[in-house]
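Once you know that position 64 of the sequence shown is 64 in full-length UniProt numbering, the rest is easy, because the numbers rise by one and skip nothing.
Hints were generated in silico from the structure; no laboratory data involved.
None of these values were measured; they are calculated from a predicted model.
Backbone N, C-alpha and C fix where the C-beta goes; we use that ideal spot for every residue, glycine too.
Hints should not be assumed to be uniformly reliable.
[Claimed, not checked] Calculated lysine to aspartate or glutamate pairs in the EDC-like style (CA-CA distance at most 16 Å, straight line):
#	residue 1	residue 2
1	895	868
2	168	467
3	957	936
4	127	98
5	957	734
6	657	744
[What the hints assert, rightly or not] Computed Cβ-Cβ distance ranges for the label pairs, DEER-style:
#	residue 1	residue 2	range
7	675	733	26 to 34 Å
8	168	721	42 to 50 Å
9	565	440	41 to 49 Å
10	953	131	58 to 66 Å
11	814	849	28 to 36 Å
12	345	529	20 to 28 Å
13	134	284	53 to 61 Å
14	614	660	19 to 27 Å
15	806	733	43 to 51 Å
16	131	262	19 to 27 Å
17	806	660	24 to 32 Å
18	887	622	34 to 42 Å
19	911	565	40 to 48 Å
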Amino acid sequence: MVLDWFTWNGWTVAIVAVLLILMVSRSLQWPANVPPGPTGYPIVGSILLLSGKKKPKETFRQLRVKFGDVFSLTLGRNLLVVINGVDALKEAFIKRADDFSDRPDTYRSATLMKRKGVAMSSGQHWKHTRTFALTTLREFGFGKKSLEARVMEEVYAFLDVMGNNSGKVYDPKHVIQISISNIICSIVFGKRFEHSDAKFYQLVDLLEEAFRLNQTRSAARNMSWLRFLPGDFFKIKRNRDNFYEISDYMQQQITDHRNTFDPSNPRDFIDAFLKEQERQEPGSAVFEDFNLQATISNLFVAGTETTATTIRWTILQLIYHTDIQDRLRREIENVIGPSRFPTLSDKENMPYYKAVITEALRFGNIAPFSVPHGASKDVEFRGMTIPKGSTIIPNLDSVHFDPNVFKEPTKFNPDRFLGEDGKLNGKEKYVFAFSLGRRICLGESLARLELFLFLTTLIQRFELLPENPDKMPAGPPSKGIQSAVLLILMVSRSLQWPANVPPGPTGYPIVGSMLLFREKKNPKDTFRKLRVKFGDVFSLTLGRNLLVVINGVEALKEAFIKRADDFSDRPDTYRKVLFNFSGVAMSSGQHWKHTRTFALTTLREFGFGKKSLEARVMEEVHAFLDVMGNNSGKVYDPKHVIQISISNIICSIVFGKRFEHRDAKFYQLVDLLEETFRLNQTGSASRNMSWLRFLPGDFFKIKRVRDNFYEISDYMQQQITDHRNTFDPSNPRDFIDAFLKEQERQEPGSAVFEDFNLQATIFNLFVAGTETTATTIRWTILQLIYHTDIQDRLRREIDNVIGPSRFPTLSDKENMPYYEAVITEALRFGNIAPFSVPHGASKDVEFRGMTIPKGSTIIPNLDSVHFDPNVFKEPTKFNPDRFLGEDGKLNGKEKYVFAFSLGRRICLGESLARLELFLFLTTLIQRFELLPENPDKMPAGPPSKGIQSGPPDYKVKALKIN
């Protein structure tokens, strides 16, 4: 036993002795003129200076006073050299970048990260990885879905959550982190996650923990032997486990991508890496999975926590400096207005915002020591020798809080960056929040974009107040390279709309006037009552949005025809974000004009080219009649066959082919389109309160609409890819080929001629060109089976003009006034788009003595004309004769039916729709007698709750006429 005891203690003494010898021998190898610094203790070096309650920033400030701009410390057997001050920092990391651009060999960089990734690698490996990352981030930031649109998608989600917590005291930390993380997800993984996604929550928590654990690493990362001590006081082991958990998550994403990888269509950063991986020689040290894991981890940690923490720091300062908050809000309103969402182009006109965010970056000082650098060789620097392998600390705090650079640095004062002319004075160049030199943060442009869009929209729409106005919260001293705490009170800010906005009902907090659209209440009825009370122009609030409803023939024509420049935009809604502000329906400004011009020109070309539009329609009419004939005498619902037939016409124009009615994928597309159209019946309110999608479940079907959109977009993209693979520019076959041909002619990066805009435009053509026409046909058939006198009279006109057997042609239409009266009455009575598609005010508009604020959502209430008894007598009756004069011809009242909207945004498919309606209905009535399932009672459906109004479901018996 004594021998065992002696042997164990002998080994212990030997091990300790060896450690001491190694540490002492290493320190003896340093040159005599290493930078000066405090004397360290055996084994631990200067670690005691960085322990206890004193912040490292304060310690370094004191050491700088004593030892100068370049001093050193020992931590274990490592030499740390701290570089301070503007001149020394620029000299080291800009002028002498070759000497100071490596990363030091620490436990994290060498053991955990294996010197991989864009943050922890060095030399050629780092250069190649960084070049690839920068190139790919640019491609996926400004390619199919612009970086600004990605950020705005998360801004909307963020604002919705903030609005949902309006008036409550709460910590916004987590929602900010999730929103910022989602932007990186969209670039790296090609998708965003719902805030309720459990795995995504876990990832965000892991990233936040990794960031927080770094607060203890300033000392411990240079003394990695501490991980062998019992327990885990320095959290080195937890940091390791955290890293492995994040790596496992990233590897799963890589594996999922590899299983669905298409090298001809890279979707995101991972796909771009996999594509490059295939191009490289086997065994490439750069393009291997662990480097991809490490790079993704770097992007998430750098791109999430730093930006999120800066936003929290800024909010903290603004809630305790309300004068700064108010002044910033005034600038936002002067440049952007109270309602329109900001765009990056606004930033150049906002010097005070720039001053505020620059001061927040300086004062927040969230990475006071940047990320450690390493000396790649022995370096002579300012008369001192910095040994190869030393850890170099760029002390950014030494500039940000230097009273010789910034007067009264402990005060939050944006004015320090402004000159007498109100513009930036040049001092912003001394704020190194994203580091400096070659290792400057590669995500700086993304971070600055996020900061601008998140903070300006937040201040524009909310007043921020502290939980305790008398005392700013104090957190524990920051012991690492990041620091920040925050708890705020959100108070919903009534948008500073002018006093003379259109009148309307008083709304409730958060939900506004949404209760007016509660279940069983038809919005058409609600709007009719509000018009009686408030006049032809009234407003409502839905969430944070102002809706202005325009009613009556005169007001509608004045707004959308005479004042088209003011009312032709689309409002900023969640649906518009889904469409990425693209397509012919949801875009605005020049983007919309160019897209619409191209679409109209191309539709004409392929409507009257090699295969005329009339012939395309008649091909589907014959297929439709075959199905009807096969069901002759049976009672059945014609809804699906009508939808399939109308969809096939769009397919022939857009895809260059029609599908068989039994084609499974085509059936799926038609079902998705029909469901999307139907789900819009809940959209009038919820589309303006997109935060509702964050509620548990999916009561408002917003998530389902989103999922449908993505499924339809995937289908469209597959069609585009198939076309691209067989594309012949000398022989364009259809709409997609025409787009691809124009895409080749344009400069690279065209916002109009890019794939997502093509996807969105095709989607618009299908929804507008399928469901609206199919629904009108169904409305007309419903009326004809319950008004057999009208059906018989229409058939007589068909027999007189066309005959009982010849198929109709478009030229017959001008000789058929009763058909014109019937279809016009069906369009009026069916009223399938009673509120058209929402418009947006492109600027503050004076209209009829009222001010409609820029960014307001404008509702053209077509129902206010179609069911106005002053325009149409007994409007609730189906009566085609209202459109005929005594001579049996149209009497001019048809000009008051705005079924295809009015003004510049009139439906571009109107001529196609009218052709389809004529050919389908006349051939149907010519060849079949239509009877109802129950002659005694017309079916009644639930009241329409949204922007489309479909007929109730019904069944028909079609008897073939011999």
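_Run through the hints listed earlier and report the numbers of any the structure violates, in increasing order._
Of the numbered hints, 5, 6, 11, 12, 13, 15, 19 do not hold.
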